[in-house]
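Colleague: What follows is the residue order along each chain.
Number of protein chains: 2
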Amino acid sequence: MIRPLTILLTLLLSGCLAAQRPPRLSSPDENADGSYTFRYYAPDADTVLLHGEFLAAPQIMDRDADGVWTATVADIEPDIYPYFFEQDGVQLADPNNTHVFANERFKRSIVEVRGDGAQVHSLQDVPHGQVRYEYYPSATLDTTRRMLVYTPPGFEMNGNQRYPVLYLIHGGSDTEETWYQVGRANFIADNLIAAGQAEPMLIVMPYGNVRPAPMADFTRDVIDDIIPYIEANFPVVGDAEHRAVAGFSVGGGQTLNIGLMNTDKFAYVCSYAPWTRTEEFQRNFGDWEPDAAAINENLRLFTLSVGTDDFLYESVLQNIADFRAEGIELETHITDGGHTWMNCKKYLATTLRQIFQPAR
Amino acid sequence: MIRPLTILLTLLLSGCLAAQRPPRLSSPDENADGSYTFRYYAPDADTVLLHGEFLAAPQIMDRDADGVWTATVADIEPDIYPYFFEQDGVQLADPNNTHVFANERFKRSIVEVRGDGAQVHSLQDVPHGQVRYEYYPSATLDTTRRMLVYTPPGFEMNGNQRYPVLYLIHGGSDTEETWYQVGRANFIADNLIAAGQAEPMLIVMPYGNVRPAPMADFTRDVIDDIIPYIEANFPVVGDAEHRAVAGFSVGGGQTLNIGLMNTDKFAYVCSYAPWTRTEEFQRNFGDWEPDAAAINENLRLFTLSVGTDDFLYESVLQNIADFRAEGIELETHITDGGHTWMNCKKYLATTLRQIFQPAR
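Chains as they are written, first to last, in the numbering used here: chain E, 1 to 360; chain F, 1 to 360.
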């Protein structure tokens with residue numbers, strides 16, 4: 001007979017855990033009518049606001065007698081959205097939601113509004129690939145760095161199949177985890193591969209920030225460290241026809257620097273809402289006099305994507321015009337919406353359907 | 001010549017990003033003298049406190065003219081610690097630190113105080129294994145669940161080597177990521193394997209919470225779903241001599257339920273500061289009349305670990321006495337410290353040195 005110390009533990013718990021932790025809340029919850037309820041415990045708060053990219057404006061939450069603040073939002077378009085609470089002016093992630101937006105400058109939570117659950121980024125009943133953390137030596141940066149690698153369903157490290165590779169770069173204050181945790185690159189790939197709309201591929205998600213090193217060192221890290229590491233350690237095809245590079249915002253600018261300066265190494269360059277106001281971009285493209293014919297010959301696909309509400313919309317239109325003025329062939333994906341991860345997922349899904357396809 | 005819209009972007013940035021985001025801060029920073037500095041931007045705050053498990057009491061932070069609050073802490077024993085800020089009564093994770101404590105009920109940040117960087121949990125210059133996210137079907141819970149799987153350096157999915165497996169369970173409000181993000185199970189294994197002190201093994205880190213299902217359903221999920229999935233999809237040895245189960249707090253109680261009720265399936269059962277006030281534990285052990293001789297014969301190792309400052313210390317001492325009163329052979333690891341992840345890492349390092357070793 002193994003007995004716990006019931007009375008003692010009750011006292012200890014009430015004095016210890018209870019004092020350390022608020023009550024367990026379920027937040028967010030999907031309701032039977034498809035609306036979502038957000039909950040936050042703050043008995044001493046004067047006001048609590050819900051901020052979310054599914055809201056046009058912050059929503060005031062309602063307090064109950066136990067100090068739990070609640071907001072219910074209906075008719076949200078199915079997608080994955082960042083949100084956060086604001087208690088008396090202090091912004092914070094949802095304490096009860098384990099899905100956190102991987103970012104260096106803020107903490108946000110993530111809610112998936114599933115709808116019928118058939119979105120391209122949703123966990124569906126299809127074969128699933130794996131996402132793994134890899135630790136690679138960066139000679140460029142003289143350190144060991146972490147990246148995520150997606151391998152498709154049925155992947156065999158020592159099998160006969162050899163795969164193409166997409167190098168996928170996050171935004172400026174994001175991390176190597178953002179394309180997985182927020183962008184759902186793995187489920188988008190799983191679903192498109194299962195539907196026969198994308199080729200089985202590896203997706204390599206490096207950490208694109210190299211502060212305090214100059215940003216151009218990341219380009220060197222990709223070319224000199226990451227690609228050789230991947231090609232030495234995974235069953236991939238190591239030629240331009242089987243390499244793609246894509247990225248969002250600052251990573252979209254890095255994509256242009258990495259891809260267009262190395263069209264002998266990448267046949268697919270897909271830039272999402274690129275941020276191009278960088279010293280590296282100016283050095284590469286400021287006085288650019290490209291051999292457009294050679295670049296067009298090397299590139300199987302060059303795309304620029306942006307939303308009409310993106311604060312970079314005009315800038316990207318200018319990039320598009322400037323590249324075309326140089327005789328560079330490119331495809332544009334102009335969408336609704338802004339500089340958001342909702343759009344990132346759309347751009348990636350479009351890209352995955354296009355790269356590594358039979359020659360046009 | 002590709003030119004960005006300099007003036008427009010400057011205006012848009014100042015009106016857009018600047019309004020959305022505080023200035024970039026580096027926090028925490030290790031200083032030349034080995035002290036650590038924490039920074040938090042809150043121009044409107046009256047008071048900001050630093051809470052950390054390296055502090056005996058919260059430390060008041062100092063505000064500078066720009067609204068940046070700073071605290072510097074010296075002489076911290078090298079380890080990995082949870083910490084958080086408290087702005088005017090609101091507790092939140094460090095917005096500038098991407099290392100977040102994976103937990104369902106709070107958001108904390110994590111700081112590694114490296115010292116000479118030679119701690120068993122530190123990233124060292126040794127061969128590194130991989131940690132991968134796996135999605136497995138749980139018939140028990142009728143859903144697809146996520147778990148993390150550590151594979152050791154040199155692991156080959158289709159090679160000749162077959163590995164033993166440790167099933168490692170988190171605490172009550174933690175997640176499947178906590179043993180990786182906070183417990184550093186991968187680096188502890190990398191370092192001990194490199195030193196020849198641990199056998200190459202897989203470490204499977206499932207999600208132990210099954211709310212609203214009864215906790216006992218997790219035991220069924222492990223036995224009926226997780227173990228068959230791992231043994232069908234990884235090169236492992238599927239017998240008791242090559243299976244271990246370990247866990248912390250609520251997971252330490254689950255470890256006793258899973259392991260001691262199934263000594264035909266696990267030869268190694270290692271419970272860290274177990275929480276045993278559960279219906280499942282009462283049902284299994286309340287009127288337990290074990291065949292101690294058979295259990296002792298089956299178990300190669302049974303350990304109970306706890307810290308002398310742990311709020312469960314007396315409870316675990318009672319567990320130890322009760323198991324011994326039933327004739328069950330066990331080894332105890334009594335340490336300093338409390339119910340913390342600093343102790344979790346110590347217990348895991350001790351366990352990894354003991355399991356899957358040649359017969360005693």
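What the hints contain is simulated information worked out from the structure, not anything from laboratory work.
It is possible that part of the hints are untrue.
[Said to hold, decoys possible] Cβ-Cβ distance ranges computed for the label pairs, FRET-style: (1) Asp116/F x Ala32/E: 48 to 58 Å; (2) Asp66/E x Ala213/F: 17 to 27 Å; (3) Arg211/F x Ala57/E: 28 to 38 Å; (4) Val237/F x Ile334/E: 48 to 58 Å; (5) Ala32/E x Glu329/F: 19 to 29 Å.
Fair warning: this is a prediction, and the values are worked out from it, not measured in the lab.
Beta carbons: idealized from backbone N, C-alpha and C, even for Gly.
Colleague: All hints are to be evaluated individually against the structure, with a verdict given for each.
Modeller: Each hint tested on the structure:
no.	hint	verdict
1	Asp116/F x Ala32/E: 48 to 58 Å	holds (57 Å)
2	Asp66/E x Ala213/F: 17 to 27 Å	holds (25 Å)
3	Arg211/F x Ala57/E: 28 to 38 Å	holds (33 Å)
4	Val237/F x Ile334/E: 48 to 58 Å	holds (55 Å)
5	Ala32/E x Glu329/F: 19 to 29 Å	violated (53 Å)
Of the numbered hints given earlier, the model fails hint 5 alone.
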